[in-house]
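Peer 1: Chains as they are written, first to last, in the numbering used here: chain A, 181 to 382; chain B, 127 to 789.
Heads up, a few of these hints could be off.
To be verified - In silico DMTMM-like pairs for lysine to aspartate or glutamate, Cα to Cα no more than 20 angstroms straight-line:
1) A:K374 - B:D754
2) B:K669 - A:E344
3) B:K631 - A:E187
Hint data in this document are derived by calculation from the structure and do not stem from the laboratory.
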Amino acid sequence: MSSAVLEQFQQIGRDLFVAGVISSHGGNLSVRMGDRILITRRGSMLARLEERDIIETGLEENDANVMLASTEINVHRAIYQGTAAQAIVHAHPPYAIARSLMCDEIVPIDSEGSYLLHKVPVVHTELTAGSKEVADLLPRWLKEYDIVMLRGHGPFAIGHLLEEAYQLTSVLEMACRIMTIADGLGEQVKEYRKGSDRYETW
Amino acid sequence: MARRRGAVPGARLRAVRVPSTVYTRGVTPSASALRPLRGLRLDLSHRTSSEEELPAEVARLWLGGRGLGAYLALRERLYDVEPLSPENPLIFAPGPLTGTGAPASGRYSVTSRSPLTGTVFDGNSGGNFGNALRRLGWDYLVVTGALDEPGYVTVGLDGAGEAAPADPSAEPFAGPGDATLRPAAGLWGLEVPAALERVRELHPKSEAAVIGPAGERGVLFASIVNNRGRSIGRGGLGTVMGAKRLKSLVLGGHGDHKPTVADPERLEFIVYEAEKLLKSNPITSTALPEFGTSVLVNVLNQAGAMPTRNHRESQFEGAASICGEMLKKDHVQRRSACRGCIIGCARRTSAGGQTGEGPEYETIWALGAQCGVSDLTAIVQANYACNRAGMDTITMGSTIACAMELTELGLLPGGPRFGDARAIIELAEATAAGEGLGAELALGSARFAALYGRPELSMSVKQLEIPAYDPRGMKAQGLAYATSNRGGCHLRANMLSPEILGVPKMVDRFATLGKAGLLINLQNLNAVLDSLSVCKFTAFAMKEDYYARQLSAVWGEQVEPQELLLLGERIWNAERLFNLAAGFSRAEDTLPPRLLHEPVPAGPSAGQVVDLPPMLDEYYISRGWDEDGVPSAAKLERLGLTETAAAAGIAGSVPAPAGTAAP
């Protein structure tokens, strides 16, 4: 693993924690390198990643390193096998998780969220962490949307680069914070976006 | 519109839907606007025409434009055809978005086997020609055979409501399509602008694609040109047209077959959202409209990625004199745009009492920095000379630069020298005329350098000159050149975006490994854009989901963004199969030795070379190809190309390497 790749993991892992979208040991990151995956170690602290916390294993086939890989390794594999993603970010952003408990899709009302997301589907499974059910479900949705919310658990975002997937995660959480604040203000929201009534169809 | 507090948009239940996967099962285009493709085939040798139809599934899998061209090139085994023989066709094809109102979608492709590279080759162009072809009711048009005497062919003039002028020498083709052969006595020999003007005088309601003197005389990098300055450039498809003695293909300009859009309201919504991005992105809303592509001169030069004097250096001391800002100040008369484009990167310019189109960034570089020339007026005039003749400016400039280096080495006595502004104009004109040294330059730099025993001085890949981005200063661009299916080209995938401009995000431009996946995704996406056919500049602002949603609205069928990328991968692999069948291999996936072994002498990229082999290994693994660059059996199966490969003599010859990833 090159120092540049390690640096990406470290910077984005740190940013996720500082932004408050993961707990001390929550979330996971991965990048695809040909027929291999680099993924964060099971139980690693994303804010304090070291080289030993980045586990390399096969995209299609298991090897001994799979023992060390994130609990979500099979979900990451399934996403890579089903899409052209080169990177995946999975976090536990509190405002987005809270909102996912109330709706089937999240349609931002702020400008940045509207431009970059339009809407984020919310999907659900009985077993939410590292399950075959999640591995079966998410790639289907990620064929159409670059970020999908797993109800009560958190979003999976894909990108050509780790930074892209991180950006989507960050924008979703910010959008949900803004919606929560707007809800709390108790006033009517004045629409400013032409065509926003069609965002649900995005 | 006001929204009540707590009223979460879209808070309705939605069933989990399983998106379609068209690669593993058949397509059922019922209740959609996806229709079989309707093609017209013109046989110049026998003056016959025929109508053909391809199933809707072909449209679904290959889209149109470049993808359809690749499909037909493989089906018709053009890898066994000599490029300048009558049997090598020219395949004109717009895409499913052409003429629909999608942003920057007024384009069409031409595909053939290139006489310059020997690869499958497509080029695409804006203007009105592609839209005119669709409005005549044709999804593609294939021109085969050759004429005995120079002529031009009109298609659909009567059908477009224009009665063809009475011409006793006109010879209607036997068959459908309202095609007529007309003698080119008054056209043959005319330069491109004059030829286009003459055609317009003869047929006022028409759209024409023409060749210039370069195509007539067999210059190996001749272009096909429409709408004054919109060119199908690079690989010599104008040379193929010239070999057929076909001066022009003229379409009735007012056909009444308006492209069908299944859901116009949906398309209008997506286009509105897309244009929001195009209007807010500084590249597409400001830089390109204000300066055109020449805005890149200073950007690339500051990065130490502007090849200079035949790639001996990567920064040009004269850049400030030839940059986009100077072009705007001293030469631009007005900006212009292709049909349906809100970016408007084209330029009408003047220089030395002449007027014309361009130059683009790559032209300024090729005739400027690459030749050590800092006289912008001379560069613009040399660009005009190329445009008048219908020649590719990148190959012209880089071939002159090769001659300049040979002169400095004492191998070309009396030849041009770096920095000689007059020489670039005179040599461009001599090349078009086939006179003196120009007759040798007309071969392109690879054949030209070989004539003088120094093939390594050609800055080309697969005999196509690499453009204005020094891969020693942006390493993945080197991999992009080496693996391009049509030879050294920045339009298959330009790593300028992530390595210099930060689109979608900035990456370490000097890093060797870790970028193959990103490059592959860009290659696949560009294959899609060329097949849709839309301008790649829209991708500075838009991601693949916007194109998928536009296509979904046009077809009335769900097309997912990831499905679109998979489709691009299919097209890319099909082109690879063509080239393998034509005899290409890993050996040709390389760069000029200079870029591999000669460190950049100074500037921000000082000391850099391209360490290609490990990049190529990573690329092949990521593609699911074996170490020789042959798609694995598993990859072919996954893409539904097993039978296609077998027909090309590749099926079953390649065992799937262990651990190969797909897709």
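Peer 1: Are the hints correct? Go through all of them and say.
Peer 2: Here's how the hints hold up against the structure:
Our distance criterion of 20 angstroms between C-alpha atoms is broken by A:K374 and B:D754, whose separation comes to about 53 angstroms. Proposed proximity of B:K669 and A:E344 is supported: the alpha carbons are some 12 angstroms apart, at most 20 angstroms. For the hint linking B:K631 to A:E187, the alpha-carbon distance of about 15 angstroms falls within 20 angstroms, and the restraint holds.
Checked against the numbered hints listed earlier, the structure breaks hint 1 alone; every other hint is satisfied.
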